[in-house]
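So the protein lines, in turn, are chains A and B. The first sequence: position 172 = 630 (this note's numbering), numbered continuously. The second sequence: position 157 = 201 (this note's numbering), numbered continuously.
Be careful, since some hints might not be right.
Listed next, the stretches of chain B that the computed footprint assigns to chain A, with coverage defined by at least 3 CB atoms under 8 angstroms from CB atoms of chain A [as the list claims (entries may be wrong)]:
id : region
1  : 77-86
2  : 206-214
One-sided excerpt, in silico: chain A residues whose CB lies under 7 angstroms from chain B [as the list claims (entries may be wrong)]:
id : residue
3  : Val518
4  : Ser543
5  : Arg547
6  : Asp569
7  : Ser571
8  : Thr597
9  : Gly620
10 : Thr621
11 : Arg625
12 : Cys637
Treat the hints as calculated values from the structure; they're not laboratory data. For each residue, glycine too, the CB sits at the ideal point set by N, CA and C.
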Amino acid sequence: MWPFIAAGYPTVESTALLLRELGHLPIRGIEIGFPFSDPIADGPVIQQAFSHALSSGVRVGQVLDAIAEARPHVRQPLIGMISASIVYRIGVPGFVDRAAKAGLDGLIVPDISLEEAPALAASLQQAGLKLAMLVAPTTPMDRSLRIAESAGGFLYYVSIQGTTGARDALPADLEKSVCDIRETTGMPVMVGFGISRAEHV
Amino acid sequence: MNGGFDINNRQMDATWPDAAGRFGRFGGQFVPETLMCAVQGLAAEYESARSDGAFWDELDGYLSRYVGRPSPLYFARRLSERVGGAKIHLKREDLNHTGAHKINNTLGQAMLARRMGKHRVIAETGAGQHGVATATAAAMFGLECTVYMGAEDVRRQKLNAYRMELLGARLVPVEAGQKTLKDAINEAMRDWIATVDTTHYIIGSVMGPHPFPMIVRDFQSVIGRETRAQARDQFGRLPDVVCACVGGGSNAAGMFHPFIQDREVRLVGVEAAGEGLDRRHSATISRGRVGVLHGMQTLVLQNDDGQTSQVHSVSAGLDYPGVGPEHAQWAESGRVEYAAVTDADALAAFELLSRTEGIIPALESAHAIAHAVSIAPTLPEQHIIIVNLSGRGDKDCVEVARLQGHHID
Numbered sequence: 459m460w461p462f463i464a465a466g467y468p469t470v471e472s473t474a475l476l477l478r479e480l481g482h483l484p485i486r487g488i489e490i491g492f493p494f495s496d497p498i499a500d501g502p503v504i505q506q507a508f509s510h511a512l513s514s515g516v517r518v519g520q521v522l523d524a525i526a527e528a529r530p531h532v533r534q535p536l537i538g539m540i541s542a543s544i545v546y547r548i549g550v551p552g553f554v555d556r557a558a559k560a561g562l563d564g565l566i567v568p569d570i571s572l573e574e575a576p577a578l579a580a581s582l583q584q585a586g587l588k589l590a591m592l593v594a595p596t597t598p599m600d601r602s603l604r605i606a607e608s609a610g611g612f613l614y615y616v617s618i619q620g621t622t623g624a625r626d627a628l629p630a631d632l633e634k635s636v637c638d639i640r641e642t643t644g645m646p647v648m649v650g651f652g653i654s655r656a657e658h659v
Numbered sequence: 045m046n047g048g049f050d051i052n053n054r055q056m057d058a059t060w061p062d063a064a065g066r067f068g069r070f071g072g073q074f075v076p077e078t079l080m081c082a083v084q085g086l087a088a089e090y091e092s093a094r095s096d097g098a099f100w101d102e103l104d105g106y107l108s109r110y111v112g113r114p115s116p117l118y119f120a121r122r123l124s125e126r127v128g129g130a131k132i133h134l135k136r137e138d139l140n141h142t143g144a145h146k147i148n149n150t151l152g153q154a155m156l157a158r159r160m161g162k163h164r165v166i167a168e169t170g171a172g173q174h175g176v177a178t179a180t181a182a183a184m185f186g187l188e189c190t191v192y193m194g195a196e197d198v199r200r201q202k203l204n205a206y207r208m209e210l211l212g213a214r215l216v217p218v219e220a221g222q223k224t225l226k227d228a229i230n231e232a233m234r235d236w237i238a239t240v241d242t243t244h245y246i247i248g249s250v251m252g253p254h255p256f257p258m259i260v261r262d263f264q265s266v267i268g269r270e271t272r273a274q275a276r277d278q279f280g281r282l283p284d285v286v287c288a289c290v291g292g293g294s295n296a297a298g299m300f301h302p303f304i305q306d307r308e309v310r311l312v313g314v315e316a317a318g319e320g321l322d323r324r325h326s327a328t329i330s331r332g333r334v335g336v337l338h339g340m341q342t343l344v345l346q347n348d349d350g351q352t353s354q355v356h357s358v359s360a361g362l363d364y365p366g367v368g369p370e371h372a373q374w375a376e377s378g379r380v381e382y383a384a385v386t387d388a389d390a391l392a393a394f395e396l397l398s399r400t401e402g403i404i405p406a407l408e409s410a411h412a413i414a415h416a417v418s419i420a421p422t423l424p425e426q427h428i429i430i431v432n433l434s435g436r437g438d439k440d441c442v443e444v445a446r447l448q449g450h451h452i453d
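Bound-form chain A, shown alone (with noise of 0.2 angstroms):
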């Protein structure tokens, strides 16, 4: 299980504790969002966490000194989740660096696609990081394979066709189509989206 956490939210300094909490916990890693202005991929719970934080001033800066700060006291990888509009307003290699000095072990950056990924994922493996990219259930299999050799470390498989937040019920076929992705590009695969129950995990 790989928890989600906006950060930044409900204040800045909770998110160094928090990540410290869920340390303790039997976990495989955690991710952890970057609030941003305008997230197209997320739905009304993740947007509103975001938007609260951005109006009590939350910055980069901060987001980043609190991942550097728990660092020492978390075994398990933190992937950031980012909007490429952060990521390129610093510039490409400049967060990359920031972020591997925070002690971050990959990004994934949802509005980056595999067309607009090549400089990204050159900077990340450059400096020992992973980038996550996205699969949907909408990715035609030839172009999942392209996805995995661009991606450094696993690909992150949207579940459901829509944004993310909580959902009643996860597709029937989700299963094989992760097995699928996983035989046929030989990577770990990651599920989010839509995941709200302890039946889901």
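Given the coordinates of chain A, assemble chain B onto it according to the supplied hints.
Frame of chain A, contents of chain B only:
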């Protein structure tokens, strides 16, 4: 003359975008993988439609018999006399069915939706003109339609909000963020992510991921092609200056694109300076920097963290923190100049055109009028300025009255 497309000529003009959907370093496809299948499918469908003469013949038929094209090129004699200097002519997109240029694009995209077998369309809208034009095309083609509109814009543009519902569309007011155009686009994209199988997103401007900036520009280029032919008929030459307002930039892109190779024609895009460039505004090209927003790399008003800035314009259609990537490229190459006009100057032009010509312009278009009025006196009398009058101002009367302290609703 009808709105006819000359396919060969159109393709010769289309130097951008490249195969990656780039206009120089702008454009591209910055969308989640959940949308890639949809944008790539759309690109393939458009490629096939683009070389299909029957597609354009059918669209031309709608443009002439349903929209009322060609729209006139009209000499604004009293306005020109009032301000002096160059002669101001108006391309009357305000006379189109539904009252703005937006219908040129929505009919074309509705035809694409039908070609792709999609029975539902969605749209974002700022001033409501694109929402009305989408709802109109949906009614005409028998498609289901949902329009997202910022709650603040619903307030500012009540008449258009009502028109969309009358046309059978479902109107969804968006309460997130600043409750304006940008937030409506976010919500429309979220809808599309979840409904790509059945739904086509009719983007209303030359923005978003490739191929939208190209598709919308091509459908709107009928404006510039007609204007070019009308100028040759009426003046025996091309105009000296062509002027159009820029929010996302669709009416300007459609007007400018056929003139891009005519280096002697000065092209001027007019953005909204709001309360002034040092206060709240939405002058993206004047003050923005390279960033990523709504699926494209372009000029964006954003802070040092890449968070989108709050923007303002009295005109709901120009109130947008990004701009189409082709405009960013034209600005960078210097082919098109970009100016900015304040709320106050746009409101003055709104009244001036009403009183001198009996034409009430949309507040968006009033920005372009204001700029033409400011440069005409500096140019020789024999010069010709063409302003794209992209829409009519009936929709703005209640809001302008409110700003002047009257209540008419």
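Taking the earlier hints as the rules, which of them does this structure contradict? Hint check: 2, 11, 12 fail, others pass.
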